[in-house]
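Required output: the full structure, derived from the provided sequences and hints.
Each chain, written out:
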Amino acid sequence: MTASLTTAASTTAAATSLQKRQPHWPRKIGRALLILVAVSFLAVFLVLPLSVVFVEAFRQGMHAYLSSIKQPEALSAIRLTLLVAVIAVPLNVVFGVAAAWAMARFEFRGKALLGAFIDLPFSISPVISGLVYVLLFGAQGWFGPWLDAHNVKIIFAVPGLVLATIFITLPFVARELIPLMQAQGSDEEEAARVLGAGGWQMFFRVTLPNIRWALLYGVLLSNARAMGEFGAVSVVSGHIRGLTTTMPLEVEMRYNEYDYVGAFAIASLLALLALLTLAIKTLLEWHYGDEIAAHAPGGH
Amino acid sequence: MTLELSHLSRRFTDFAALDDVSLSIAPGEFLALLGPSGSGKTTLLRILAGLDYPDAGSVHLDGHNFLVAQARERKIGLVFQHYALFRHLTVAENVAFGLRVRKRKLRPSKAAITERVNQLLKRVQLDGYGHRYPTQLSGGQRQRVALARALAVEPDLLLLDEPFGALDAQVRLTLRRWLRELHEDLKLTTIFVTHDQEEALELADRIAVMNRGRIEQVGTPEAIYQQPATPFVCEFIGKVNKLPVTCTDGKLAAGEWVLDSDPWHGRHAHATAYVRPEHLALGVPANQPAWIAHLRHIYLAGSVVHLELYVPAIDQTLEADIAGEDVARLGLQTGVDLRVAPRSAVVFAIDKPGDDATVQDRWMWQAQSTIFA
Chain A
0 MTASLTTAAS TTAAATSLQK RQPHWPRKIG RALLILVAVS FLAVFLVLPL
50 SVVFVEAFRQ GMHAYLSSIK QPEALSAIRL TLLVAVIAVP LNVVFGVAAA
100 WAMARFEFRG KALLGAFIDL PFSISPVISG LVYVLLFGAQ GWFGPWLDAH
150 NVKIIFAVPG LVLATIFITL PFVARELIPL MQAQGSDEEE AARVLGAGGW
200 QMFFRVTLPN IRWALLYGVL LSNARAMGEF GAVSVVSGHI RGLTTTMPLE
250 VEMRYNEYDY VGAFAIASLL ALLALLTLAI KTLLEWHYGD EIAAHAPGGH
Chain B
0 MTLELSHLSR RFTDFAALDD VSLSIAPGEF LALLGPSGSG KTTLLRILAG
50 LDYPDAGSVH LDGHNFLVAQ ARERKIGLVF QHYALFRHLT VAENVAFGLR
100 VRKRKLRPSK AAITERVNQL LKRVQLDGYG HRYPTQLSGG QRQRVALARA
150 LAVEPDLLLL DEPFGALDAQ VRLTLRRWLR ELHEDLKLTT IFVTHDQEEA
200 LELADRIAVM NRGRIEQVGT PEAIYQQPAT PFVCEFIGKV NKLPVTCTDG
250 KLAAGEWVLD SDPWHGRHAH ATAYVRPEHL ALGVPANQPA WIAHLRHIYL
300 AGSVVHLELY VPAIDQTLEA DIAGEDVARL GLQTGVDLRV APRSAVVFAI
350 DKPGDDATVQ DRWMWQAQST IFA
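The listed protein sequences correspond, in order, to chains A and B. At position 33 of the first sequence the residue is numbered 32 (numbering that gives the first Met the number 0), and the sequence of numbers has no breaks. At position 295 of the second sequence the residue is numbered 294 (numbering that gives the first Met the number 0), and the sequence of numbers has no breaks.
Just so you know, these hints were derived from the structure itself, not from any lab. Honestly, I wouldn't trust all of these hints.
Listed next, the stretches of chain A that the computed footprint assigns to chain B, with coverage defined by at least 3 CB atoms under 8 Å from CB atoms of chain B [what the hints assert, rightly or not]:
| hint | stretch |
| --- | --- |
| 1 | 187-194 |
| 2 | 204-210 |
One-sided excerpt, in silico: chain B residues whose CB lies under 8 Å from chain A [what the hints assert, rightly or not]:
| hint | residue |
| --- | --- |
| 3 | I75 |
| 4 | F79 |
| 5 | F85 |
Values in this document were obtained by computation on a predicted structure and should not be read as measured data. All C-beta atoms, glycine included, are put in the ideal place defined by N, C-alpha and C.
Encoded structure:
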């Protein structure tokens, strides 16, 4: 928030000085040059690839696009992606709120350590986090023989995908809530308790309404990541067509099979998800910037 | 409704917030906990509210152990310094909160709640503000909403944590008077925390002065001001001149000011005298002991005039307050020399000179001569 305030202040300052006097020619040119550099950089590195996705997806027309999405493998990948997100995101909400509550409201030994652990998924390579689950639950892993004996499949199955996704998206909700809850303090919650509210009443009537927009923001980011994750999911998936391939994996497999239209068609869906996320995110920041307070580090 | 606090202690990792605090609060009393920040007054209030717990000691309400009850069961109204209004609820919803969270059996009907809320908003002079949100109110208005919210649950005990701390001086004064009237109306046992001595002196029936987790003195505002029990109370309440005193040969002396009696009969060699600015007499006759003081500054402050007097004999600047008309009567102007002496003083015998001394005894000294009148 401090950063955005400073930016706002300097923008206003710049605007005032502009009103006072017209910039000289060298300054005008300098400014135009800077804007040109920034815009062309964005165009080359962001807009161009994004348009390529859609251009390639529709290269053979609407019909080819639709039929490649309607293929059973594609539909199953979409279903699986949604399923993973539907399980992982709510679990992250529960964990994120609990962790943020603990971090913001209590002093305890190992608090700094917990904070560091929450950030771990941001700093570790996704492939490694996927690999960790293989080493734990895979056929040759620590719990592999036991799981095998009880006929439980985690690796190369849906549970593995869910676990890896939970791990990857772990920080989003918690990191969004911790600074906000710390800034808001516990006065309102204490007031609720003294007024006779029980623990759950306090949570649902006071805590949750105060963090709702930040929570939604965190959910949005963790959902985008859950649906788009490739690295960790790729390690635990086993790439079984129609069973353990999520949308990002399906894109890769189709691409490797020279099915460009098919690959870009699925990719276009992911791109649309990204654009939608961006739109809602911007809307949230615009309307509820104060209540979201701090932006989560890393990831975006 | 007698509240009995005995031997309360609360330690945080690096300091003792409360150190063996005992206090008895009578029904309907308006008590101020007065002290600097870190003196433990807020900790004491939080323990009463059930938001914190003591490490040792007990709190009894009419003989019942108060500490085993949870915050929500204590029937307490708590008002926070920064209001702590629920920001997502309207004024009316804020006031209704305590009634709405009650168990179904105890919860009043919707209509009854609405009526009670309107009643309370009228009481705090905010009728018609029910549909606003806290952010649309001024500080004074928010604090009144907080008070209405606390009163809605019909508490047995009202706790106020620096209730006017975040308000402008003008609003503070109005709200202070208003709170006093409200208390006279409701007769609700009220404890309020403040670091503002003026506020405590004006509002409270009784003041408990706190310092470093201990209660230094409990008493009426008058007793606290006129008969301070400890040097801390002297220095914390009102303005005061602090003078080092030596006790030798049956005399107490601070420079040219010498008293011909030693209340301690030579048992203590050092003392500190505290003299209020309004207890300094000016133009003292030559037959009385007095300092020769150089008048350095005259500050006019409304009806009272502040004087800054330098006394070379003790190398100290004294402050004196006199009535405006006396300035002309005594012919005072910057640069003149005057004979100055206390009319009364509180003298503490100490074991050694300096700031880390331990107090041994207290002596309330009063001038006998009528010339000081």
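Okay, the hints, checked on the actual structure:
For the stretch 187-194 of chain A, the stated coverage by chain B is satisfied: 7 residues place a CB nearer than 8 Å to a CB of that chain, which reaches the threshold of 3. Chain B is given as covering the stretch 204-210 of chain A, and this holds because 4 residues of the stretch bring a CB closer than 8 Å to a CB of that chain, at least three being needed. Taking 8 Å as the C-beta cut-off, the interface hint given for I75(B) holds, the closest approach to chain A being about 6 Å. Checking F79(B) against chain A: minimum C-beta separation of about 5 Å stays under 8 Å; hint holds.
Contact between F85(B) and chain A, as hinted, is supported at the beta carbon level, the nearest pair being about 6 Å apart and thus within 8 Å.
Of the numbered hints given earlier, the model fails none.
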